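Student: Based on the hints, put chains V, X, R, H and B in the right spot on chain S.
Number of protein chains: 6
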Amino acid sequence: MRGGYFHATCTFFALASLLASGDDFTPQVDFCVAINNPNGNGAYFSNGELCKNAEAAKAEDFYFSGLDATRETDNRVGSTITLLSTNQIPGLDGLSLARTDYAPNGGLNPPHIHPHATEILTLLRGILHVGFITSSPENRLITKTLHPGDVFVFPIGLIHYQLNTANNSALAINSFSSKNPGVITIANAIFGSHPPHNREILAKAFQLNTDTINFLQQRFKGNQ
Amino acid sequence: MRGGYFHATCTFFALASLLASGDDFTPQVDFCVAINNPNGNGAYFSNGELCKNAEAAKAEDFYFSGLDATRETDNRVGSTITLLSTNQIPGLDGLSLARTDYAPNGGLNPPHIHPHATEILTLLRGILHVGFITSSPENRLITKTLHPGDVFVFPIGLIHYQLNTANNSALAINSFSSKNPGVITIANAIFGSHPPHNREILAKAFQLNTDTINFLQQRFKGNQ
Amino acid sequence: MRGGYFHATCTFFALASLLASGDDFTPQVDFCVAINNPNGNGAYFSNGELCKNAEAAKAEDFYFSGLDATRETDNRVGSTITLLSTNQIPGLDGLSLARTDYAPNGGLNPPHIHPHATEILTLLRGILHVGFITSSPENRLITKTLHPGDVFVFPIGLIHYQLNTANNSALAINSFSSKNPGVITIANAIFGSHPPHNREILAKAFQLNTDTINFLQQRFKGNQ
Amino acid sequence: MRGGYFHATCTFFALASLLASGDDFTPQVDFCVAINNPNGNGAYFSNGELCKNAEAAKAEDFYFSGLDATRETDNRVGSTITLLSTNQIPGLDGLSLARTDYAPNGGLNPPHIHPHATEILTLLRGILHVGFITSSPENRLITKTLHPGDVFVFPIGLIHYQLNTANNSALAINSFSSKNPGVITIANAIFGSHPPHNREILAKAFQLNTDTINFLQQRFKGNQ
Amino acid sequence: MRGGYFHATCTFFALASLLASGDDFTPQVDFCVAINNPNGNGAYFSNGELCKNAEAAKAEDFYFSGLDATRETDNRVGSTITLLSTNQIPGLDGLSLARTDYAPNGGLNPPHIHPHATEILTLLRGILHVGFITSSPENRLITKTLHPGDVFVFPIGLIHYQLNTANNSALAINSFSSKNPGVITIANAIFGSHPPHNREILAKAFQLNTDTINFLQQRFKGNQ
Amino acid sequence: MRGGYFHATCTFFALASLLASGDDFTPQVDFCVAINNPNGNGAYFSNGELCKNAEAAKAEDFYFSGLDATRETDNRVGSTITLLSTNQIPGLDGLSLARTDYAPNGGLNPPHIHPHATEILTLLRGILHVGFITSSPENRLITKTLHPGDVFVFPIGLIHYQLNTANNSALAINSFSSKNPGVITIANAIFGSHPPHNREILAKAFQLNTDTINFLQQRFKGNQ
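Protein chains in written order, with full-length UniProt numbering: chain S, 1 to 224; chain V, 1 to 224; chain X, 1 to 224; chain R, 1 to 224; chain H, 1 to 224; chain B, 1 to 224.
Bound conformation, chain S alone:
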């Protein structure tokens, strides 16, 4: 009962300060070091917005070790993204970093969108065929083949992909302009949604018969 009272009080305080922040966006502290969530409240905490007192910040809060370790790519598309978020680096803010491993001969990072970030890809190993689609001019495809030492920019909010055409594995370092780039993988969202989309809608939108839609929904089921 008393607990309920205090709960109400503190959410009230939290909101008050949030709502009033519209007027002055200058950062009020040097950095935000995310603290672990002892109660498993999920995704929000993994974004690291829950900060510790700056007095308690330590070097390890700004540090990650092991980005040089190769990742397994034995999955359907043949690629694995390792994103460093505030789960890995509590002191991260303003941008984020990832490494992407691609299987030899066709490892694919399939068409997807990062709604919150522009991406810079730096290729360290392999040969990548990359592309993105512009919205204005409408649906224009821009592609390039990358070799080690090449750098490529994928603008914020546009559909893009990478394919490894080398017969050895590929490795890229990805920099994002937000601590939380976000991702929408097109095929998974369209054909692997839960619950599944109405088949008539997808059939009309994608000009496929409902049997093909049904086949695709089976294939992508459980991707989420």
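Honestly, the hints are just simulated from the structure, not real lab data. Quick caveat: nothing in here was measured; it's all calculated off a predicted structure. For glycine and all other residues, C-beta sits at the position ideal for the given N, C-alpha and C.
If you want the footprint, here are the derived chain B segments under chain S, 3+ residues with CB under 8 angstroms:
#, region
1, 64 to 77
2, 171 to 178
Not everything, but these chain X residues come out facing chain S in the computed CB check (under 8 angstroms):
#, residue
3, V77
4, P111
5, I133
6, G182
7, H194
Tutor: Here is chains V, X, R, H and B on its own, set in the frame of chain S:
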């Protein structure tokens, strides 16, 4: 006693994360679904910034029914605004919507300011004489008469009004560029404030004698 | 020759002021009234960011007439969007408005994303089956059936669609939280890009054979 | 003819860069030093957004002399505001400064709004009765009497005023949170607009008869 | 136990609402009045982002008295800054104010940076030799000598200083474009850090031998 | 003469649109591809804010080749930064990338500040001793030793450095949260400014005699 301890802890956390957000403004979740405040802590909660876990979001959180119902306009100015805020649509963010009903033959939405939003008015029924006043060039009045199917823009922060000159009631749909447009109704703020303004100040500012100011303060008393 | 000199000078000035604007984002004028581009320099000008002197602004700059006129929906998907941008309302800023007409019995506004805006849809006529897909939790589909007077919110950056299930035409008013919501129609971007995507990439990404991909690319060709 | 060509080209360039600036707001230069407009194109240039090459910046661009000189207050309300904008300090950005002189025994800075800035007033001489009106809670008046050495904050977008009740003149330093605070003086905008407002609208909004409105419109005519 | 449960719940709520605020930055309340922190959680609360219910706001929340009192300057550099933050004015937001007192004949405000704010200095008494260093063009020094009534602007993020060359004390009013300008005093950060910097690094960076570095670290020890 | 007329016209247009952009910050185009400046107007253009028509964008505009090439580190501090700006990648926006090469046994990237960006450093080769200094708590030094595969974050606006302690050369990839991180190298700004600082000021600020200041100013002269 322990409750008090937890209360302090959690407001500290909430602030820490707020203060540190100055560096990276990209949204970190798809949306914010406001949750009801069980303890009536007031205005802040009606802004809906207290969000539920995205896992618990449901279609109803993004839905409102009944905007087509005509509202009563039997009041002094002869108009009624029905604003959809996060009280009505918990998942609302980034903009807001309203309908305005006007009485026949002179229903008036009196001179007011939305400090946080530009407004687009779409007229569905009636004839509206509308206007706004620019600050630069100083005090220039821009007016227009609107008929059904007409759309008009009222720029953010400028004094504006609408008057229904049709002999039937009028209906407009209002879109605002903020989830919280805010409103300052000039006559109510000046003559209906509580406590009332010093009469000498209003007399000097508005070039009226103190008796007229007194008369007006009586008329507008209790408008808040 | 002198003309070239002045051109260089003025682009330099324009940039200087742009680059320096990072420090103070408060609007410095009441509004921006777009002026027509006499030289057909294209999309940028249609965004209306080229403003006229405020002294020259007139009521018509904030006005549009004819949003009540029904639009033709005789096209493959059976829907037509009429967006009011600064081409139609030069004084528009901060948000935008559209009407969407849907054909009876299956008029579809197919899956698409507005990268820059949250959308509020107000249904005036017809019955719409609507839905959007969340990115977190991953690929969750949220759907609702709307009737006249219903309002629904589509969060910024998420894939969404509407289908008219009534046997009469449907009409919706759409409000967007940006003057430039932008749009990426998924099927057109994936299968109708120019030049077409590499078939092996789409076949692998969408789990279809290259013949089906070829079929789809023929179907969507020329959609741009 | 060629001149016309270059004009079109350069406005195109300027716009292109402006429109693309939505993604990255970090200032790209140390400061913007406004340059004078040789052609009197008005307010825009006086805002100082037209910057000179940083190489050419000099100490005088960040300097103003004479804020200590007393200003004349022999006008109807008995107060004079001296705002330092980029007309006076070309290198100004992010905030602005003013001095306000008040006549003895009733010098008034009448009810007005700064739509773009919070104000901090520092009183150096005189006795000021000050107040502002909140919008939430609606129309609440908050007042205070200030003496030399006192500081008072007027929140952004709220109606506020100051009255000198001392029998000597008063002097205040005003700091604003924007380089362009903007101002809407309520009485002038309502009763002194050009063209004048429709009397029936003001009579209904302010609960005055049209004769009084007519009288007020005559009084405030020519204030702009 | 139950207390722990509620603590988890409320931090979760607070974060949810914070994370979702990326989409709509318009202020949702008139102002934020900071409330005192009863549990001494430190710096975050002194930034005043913990707001009270607007219903409870009172004039004193926007008020400070005594900025006219002269401050002691008997310290090593011969200057004292008195900053008004939300500790002194709970209702402060969007900008801040300070007074700086300088000792006669060489009172110095040593080279420092305000990472979050542009500063406007208004000199009321004394003679100040002031300067700042640009980053582009690289390391250019811009200086000026100020007399009473002079105003000078120090752009955001640049190293700057002031020296009183008068044989009487000096007094300046400082306005900042953020409620939290922040400060990095160069000599203290470099030579007075705790723990001290590695001497070889400073010796190489500043082209001094390690004995001089050691001497300086002793001199600046305990400045923090 | 006519050329002068067009110049005035077009800078006016450019400013008008800039000033009005305060209300709506959503990007209005997919990206900005910087175009080369044919007239050498300098730094502003190297920031790439002058964009080409999106129709003319090509893959090469988003591409850079050769980041894998080792750079020479034979300079006084023993390190070389290679920053990819819009000079190298015209389509860059929202973030930037660099490689830093360090000489064996003491290659130093001396204490400096990036006023506009948080930095993520990824170490590929060598052993780096790194550190940064917080402003709150005041002048606290946080250090770490990095090995290949390690990642470290340097928060925006804080003084930081890196020293290679390996007996082979070191290589790091640097990601920045702005397309224009900016840099202020402390020792160069303080002792290498042009014109030089007044020696008495530096002597008092750094607790050194004027002979040592003179010696340092000679050493750092011509660093700009």
